[in-house]
Amino acid sequence: MASSSSYSNPPCAACKFLRRKCLPGCIFAPYFPPEEPQKFANVHKIFGASNVSKLLNDILPHQREDAVNSLAYEADARLKDPVYGCVGAISVLQRQVLRLQKELDATNADLMRFARNEMPSQFPGAAHYQQGAGFSALPYASHPWSSNPGDSPEGGGDGSA
Amino acid sequence: MTVKGGTSQACAACKYQRRKCISNCPLAPYFPANQTKMFQNAHRLFGVHNIMRILNLMTTQEQKDEAMKSIIFESDMREMFPVTGCLGIIKSYHLQYMQAMEELHYVHAQLAMWREETQQMVDHNYSPSSELQLGVTNPARNNALLVPQHPQIANNSIPLEANHQFVMNSSTITRVDNYSFCVESSEDVTKPLWIQHLNFNNNNGIESVAIQSQLENSQTFPIQQETEVDYDEIPFDTMADDRQSYIESKDACESSCCESPWKDAATHATELISKNELKNAAACFSLTSAK
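Protein sequences appear in the order of chains A and B.
Our numbering applies: residue 1022 is where the first sequence begins, and numbers increase by one.
Our numbering applies: residue 9 is where the second sequence begins, and numbers increase by one.
Treat the hints with caution; some may be incorrect.
To be verified - Below are the DSS-like pairs computed for lysine-lysine, each with C-alpha atoms no more than 30 Å apart in a straight line:
no. : chain 1 : residue 1 : chain 2 : residue 2
1   : B       : Lys-45    : B       : Lys-28
2   : B       : Lys-45    : B       : Lys-23
3   : B       : Lys-28    : A       : Lys-1101
4   : B       : Lys-45    : A       : Lys-1066
5   : B       : Lys-28    : A       : Lys-1075
6   : A       : Lys-1075  : B       : Lys-72
7   : A       : Lys-1075  : B       : Lys-45
8   : B       : Lys-45    : A       : Lys-1037
9   : A       : Lys-1101  : A       : Lys-1075
10  : B       : Lys-23    : A       : Lys-1075
11  : A       : Lys-1042  : B       : Lys-72
12  : B       : Lys-23    : A       : Lys-1042
13  : B       : Lys-28    : B       : Lys-72
14  : B       : Lys-23    : A       : Lys-1037
For the record, the hints were derived by calculation from the structure and aren't laboratory data.
With the hints as extra help, turn the sequences into a complete structure.
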């Protein structure tokens, strides 16, 4: 008559949050340990437990940990920045990489001039590219509701049902 | 389902949910009837309820538009890369940033040496005896360029696999040892990385996701991109498959720096790095990176 669950594993953070019994085959258990309740809380708040469950079921087991970590990151980013989420980070990084590339091009050009025993006209040669002008865009397409008319919609929609 | 007596078609959201699309449907502007895939992706990741909750947090129409664009983008990225989603893209961009930064440091070091040698030639009026000194590697001078790893790299908790080491051969300077270096530059390119404490492989999950731009105002995001984006070329499959994917897909990349930074952004950045490597090879030294 002793309870069979006296030595059962503690419920995972997901089942604890959802107030349900954590079954042995719980898909959340390996990735949402009870020591990290906030991790699942964030993911559930942004994406929802059922969506996460479906997503995890669609990928291979050895990939699920990475998927959960990426979802946790995106959820956290969305909570911090409800407007852009993690897309803002992509945008800034993109601009920085392009800026660095231009600066690298300019500096390489200076180096080649030195190699040919020419003095560069201006050092640092990358000064022209430090403004970062023209990189004020976010990394996604125009949309029908964009304030810029004449742009065609793009991005994942193929019109098929 | 069409509105009775009207000519407008139900939006993709209402069509999917099989409900009547009212005139002021909040999702109708963002999910037109002919873009069912876009809504399916968003619905699969976020769900209608969560999307509406995010929309209701917005105070202005512009914020709503921007939020929906980012949601749709995230959803599309998750559909393309089910495992890594946007995080894989961030990681790859960060890796490219690090690589470009190291390469820039290296080129600055080269420039500094060239300028110093040129100055020495001028100072010594180019005597035959000074010509011999140019071919000698000065350990003291080299050590001045050899400092411990870039402080941001050393202190950064990002477990990047690329601990780059460069072997360089030039006509006058020969270095046979691999090393990692950092050059103090007067440029502002050495401003610290702003991605902090981003651990991708931590079994305990993401420790901290503080993302603050120290180069520009991170709180003011620019307006949306107007040009089209071709998601099909983004070659992300797994979190480990980063640089190789760039190399394989760079041929399919159309580069247009200013107008469409996200158009094949990942492959575009790699293409630029490859071009720089060719230029460096032409500049009397070869640059190889070894992990």
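Here is what the structure says about each hint:
1. Lys-45/B / Lys-28/B: holds (19 Å)
2. Lys-45/B / Lys-23/B: holds (12 Å)
3. Lys-28/B / Lys-1101/A: violated (34 Å)
4. Lys-45/B / Lys-1066/A: Holds - the C-alpha atoms of Lys-1066/A and Lys-45/B are around 24 Å apart, at most 30 Å.
5. Lys-28/B / Lys-1075/A: holds (27 Å)
6. Lys-1075/A / Lys-72/B: holds (27 Å)
7. Lys-1075/A / Lys-45/B: holds (17 Å)
8. Lys-45/B / Lys-1037/A: violated (34 Å)
9. Lys-1101/A / Lys-1075/A: Satisfied, since the Cα-Cα distance of roughly 25 Å is no more than 30 Å.
10. Lys-23/B / Lys-1075/A: holds (22 Å)
11. Lys-1042/A / Lys-72/B: Since the Cα atoms of Lys-1042/A and Lys-72/B sit roughly 38 Å apart, the hinted pair is violated (cutoff 30 Å).
12. Lys-23/B / Lys-1042/A: The given pair, whose Cα atoms are some 36 Å apart, is violated under the 30 Å limit.
13. Lys-28/B / Lys-72/B: Roughly 22 Å separates the two Cα atoms, so the pair holds.
14. Lys-23/B / Lys-1037/A: Between Lys-23/B and Lys-1037/A the Cα gap is close to 35 Å, so the pair fails against 30 Å, i.e. violated.
Checked against the numbered hints listed earlier, the structure breaks hints 3, 8, 11, 12, 14; every other hint is satisfied.
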